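Residue numbers (our numbering), protein chains in the order written: chain A, 552 to 723; chain B, 33 to 454.
Some clues are possibly wrong.
[Said to hold, decoys possible] Mimicking DSS-like on lysine-lysine, the simulated pairs with C-alpha atoms at most 30 angstroms apart in a straight line are:
| no. | chain 1 | residue 1 | chain 2 | residue 2 |
| --- | --- | --- | --- | --- |
| 1 | A | 714 | B | 181 |
| 2 | B | 81 | A | 719 |
| 3 | A | 561 | A | 589 |
| 4 | A | 714 | B | 81 |
| 5 | B | 415 | A | 564 |
| 6 | A | 663 | A | 564 |
| 7 | B | 52 | A | 561 |
| 8 | A | 589 | B | 52 |
| 9 | B | 52 | B | 181 |
| 10 | B | 181 | B | 81 |
| 11 | A | 663 | A | 589 |
| 12 | A | 663 | A | 561 |
| 13 | A | 719 | B | 181 |
| 14 | B | 415 | A | 663 |
| 15 | A | 564 | A | 589 |
| 16 | A | 719 | A | 589 |
Calculated from the structure, these hints are not laboratory results. None of the values given here were measured: they were computed from a predicted structure.
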Amino acid sequence: MSGSNALGGKVWKFGDNINTDLMLPGPWLFRSAEEQAKAVFINNRPEFLREMRRGDVIIGGFNYGMGSSRPAARSLRNCGVGFLLAEALNGLFFRNCVNFGFKAFECPGVSKAFEEGDRAELSIDDWTATNTRTGQTLAVTPIPSMLLEMMLGGGVLPMLEAKGLIAKRNVG
Amino acid sequence: MPMTIAEKILARASGEAQMKPGDLAVVDVETAVLMDMTFLPEGWREVLKLHDPSRVVIVFDHLVPAPTIQAATAHSTGRRFAARFGIERLHDVGLDQGIAHAVVADRGYAIPGTVLVNGDSHTCAAGAFNCAARGVGGPDMLYAITLGKAWFRVGETIRYDFTGSLRPGVSAKDIFLYIAGTHGAHVNQNVEYGGPGMGTLSMNGRRTLATMGAELSAEFVIFEPDDMLTDYMHQMNPAAVTYPTMPDPGCIYHDRRTIDLGTLEPLVALPDAVVNNSVPVGQVEGQHIDQAFIGSCANGTLDDLAVVAHVVKGRHVAKGTRLIVTPGTQTIYHAALRAGYVETITAAGGIVTPATCGACVGAHLGTVGPDEICLTASTRNFKGRMGDPSARIYMGSPATCAASALTGVITHPGSFFAGDVA
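Using the sequences plus the hints, can you model the full thing?
What follows is the structure in structure tokens.
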């Protein structure tokens with residue numbers, strides 16, 4: 552890995568059409584962001600939060616993040632997921648990834664190129680993802696610079712704070 | 033270069049001559065709708081400067097009347113925000129109450145040819161009004177109301193042309209279940225509806241179809257404008273300056289598909305997923321249900337309540353099954369009262385609740401328990417969506433739900449409509 556935008560971690564694989572209810576179940580909608588981060592995948596994959604380590608990577612399939620507008624991306628960021636790569640990201644989920652400063656990108660072929668437990672490395676400078684076990688490198692689909700800047704800058708809220716449009720707060 | 037409806041509206045709203053798939057559109061937001069969840073303390077930030085109060089609408093909908101202290105607190109925050117900035121379009125608990133997308137429809141807030149955003153995924157409902165409407169996240173809403181802007185990645189467009197007309201007992205929900213079952217998700221794509229059969233669909237039917245576009249994971253879902261829309265806008269919001277937008281001849285669609293409405297039949301989506309999961313009602317007929325629900329932004333229209341009343345009139349809900357009906361707005365509730373639907377449904381043993389998102393989001397007024405089976409005419413059947421994750425949620429049309437409530441098992445609604453004329 553090299554450069555300031557290089558990241559890596561252990562892979563957790565998920566299939567197609569993973570919905571936001573799974574990442575942020577309904578009963579947790581009304582709890583604190585901290586508590587929400589402790590409910591990620593509890594209905595479909597309860598071992599995820601017990602066993603994952605900060606910086607681990609989610610590899611998803613087609614239409615990752617389908618469903619409601621709930622801030623599931625914030626929960627992934629807060630529980631320590633390093634980044635997410637998927638065949639295709641749901642548009643609304645992607646917006647929340649930009650908005651909450653969670654790194655999520657589209658990477659065609661990613662679900663075939665990685666197995667559970669592999670190590671994935673991402674370089675945003677080169678727009679590539681690498682499987683360190685197989686040595687295979689895939690192209691990550693670049694996003695517009697305006698969106699990348701918001702995503703890497705911690706999301707929309709710090710930007711609106713800096714402009715004096717919303718009040719500052721330490722959490723969220 | 034000729035453009036699709038979505039491309040044209042985004043181009044106009046961003047002040048650009050041209051928009052094509054792959055572009056990033058930074059647009060002026062004509063209408064920003066804030067729903068009550070936006071004001072929950074975990075998401076809301078105190079706004080110091082507002083772009084334009086006249087472009088903001090506030091609707092309390094998911095949690096009305098407030099079932100918890102937290103919901104009541106969110107409502108208080110919303111009221112203070114409205115008062116501070118002089119926002120006139122505040123839909124508080126009471127006569128103006130309703131599900132945001134249904135309120136937008138009732139009041140003609142969605143202006144044809146403009147951009148509307150709301151922090152709820154089913155905002156595409158306003159696509160029925162030829163409006164580029166999209167569900168965004170809570171932070172997007174803070175961006176929209178403080179800067180007056182929103183950004184969108186422009187996607188490819190899939191065009192659906194309708195021909196013919198629906199047979200009695202078949203509804204817009206069944207059109208949706210057909211599209212979702214046959215064509216699956218439309219991720220990062222726009223959906224455009226038109227064709228000679230579109231005129232046979234009521235505005236309420238179009239709303240159902242547009243609302244369910246969220247379940248296709250579509251970006252924008254937009255109907256062509258027609259005389260029915262023009263009349264509707266004249267009636268609901270005569271002062272509005274509209275920009276009805278047709279696709280340019282020769283515009284490029286990623287795919288173009290024709291659906292003969294006359295060939296469709298009632299369908300049911302099996303539990304846990306909406307797309308690629310539809311079967312004919314006959315395939316699950318006889319499955320016991322504990323609850324039938326008709327409501328939400330997709331199926332809380334007056335047409336939907338009329339269908340339920342028609343099916344249950346003079347009959348009784350089966351023992352061991354609950355029928356819960358939630359109108360989309362209190363305006364619809366009143367219209368249903370005047371039409372006698374509320375009396376008919378309650379006399380049959382159904383419950384008609386106040387207008388709210390309620391059971392659809394598993395929040396209140398019809399949350400389902402462990403291992404229960406629900407048949408719903410609402411928006412989603414995801415695991416845990418309407419309550420306990422062990423509950424199984426089937427999805428069907430209001431007619432199928434009402435017919436099934438009477439028998440206690442999933443039932444084809446055809447016999448209730450045999451003598452009707454479409």
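Okay, the hints, checked on the actual structure:
Our distance criterion of 30 angstroms between C-alpha atoms is met by residue 714 of chain A and residue 181 of chain B, whose separation comes to about 14 angstroms. A threshold of 30 angstroms between alpha carbons decides the hint, and for residue 81 of chain B with residue 719 of chain A the separation of about 13 angstroms falls inside it, so the pair holds. Distance hint between residue 561 of chain A and residue 589 of chain A is fulfilled; the C-alpha atoms sit about 19 angstroms from each other, no more than 30 angstroms. In summary, the hint linking residue 714 of chain A to residue 81 of chain B is supported, as the alpha carbons are separated by about 10 angstroms, within the 30 angstroms threshold.
A hinted pair counts as satisfied when its Cα atoms are at most 30 angstroms apart, and residue 415 of chain B with residue 564 of chain A qualifies at roughly 20 angstroms. Under the criterion of a C-alpha separation no larger than 30 angstroms, the hint pairing residue 663 of chain A with residue 564 of chain A is consistent with the structure, at around 10 angstroms. A threshold of 30 angstroms between alpha carbons decides the hint, and for residue 52 of chain B with residue 561 of chain A the separation of about 38 angstroms lies outside it, so the pair is violated. For the hint pairing residue 589 of chain A with residue 52 of chain B, the CA-to-CA distance comes to about 41 angstroms; that exceeds 30 angstroms, so the pair is violated.
With a CA separation close to 19 angstroms, the supplied pair residue 52 of chain B and residue 181 of chain B stays within the 30 angstroms bound. Restraint check: the Cα-Cα separation between residue 181 of chain B and residue 81 of chain B comes to about 14 angstroms, which is no more than 30 angstroms; the hinted pair holds. Distance restraint check for residue 663 of chain A and residue 589 of chain A: the Cα-Cα separation of roughly 29 angstroms lies within the 30 angstroms cut-off, and the hinted pair is therefore satisfied. Pair hint residue 663 of chain A plus residue 561 of chain A holds up; C-alpha atoms about 16 angstroms apart against a cutoff of 30 angstroms.
For a cut-off of 30 angstroms, the pair hint linking residue 719 of chain A to residue 181 of chain B stands: about 21 angstroms separates their Cα positions. At most 30 angstroms may separate the alpha-carbon atoms for a hinted pair to count; residue 415 of chain B and residue 663 of chain A meet this at roughly 26 angstroms. Simply put, residue 564 of chain A and residue 589 of chain A have alpha-carbon atoms about 19 angstroms apart, close enough for the 30 angstroms limit, and the pair holds. With a C-alpha separation of about 25 angstroms, the suggested pairing of residue 719 of chain A with residue 589 of chain A holds against the 30 angstroms cut-off.
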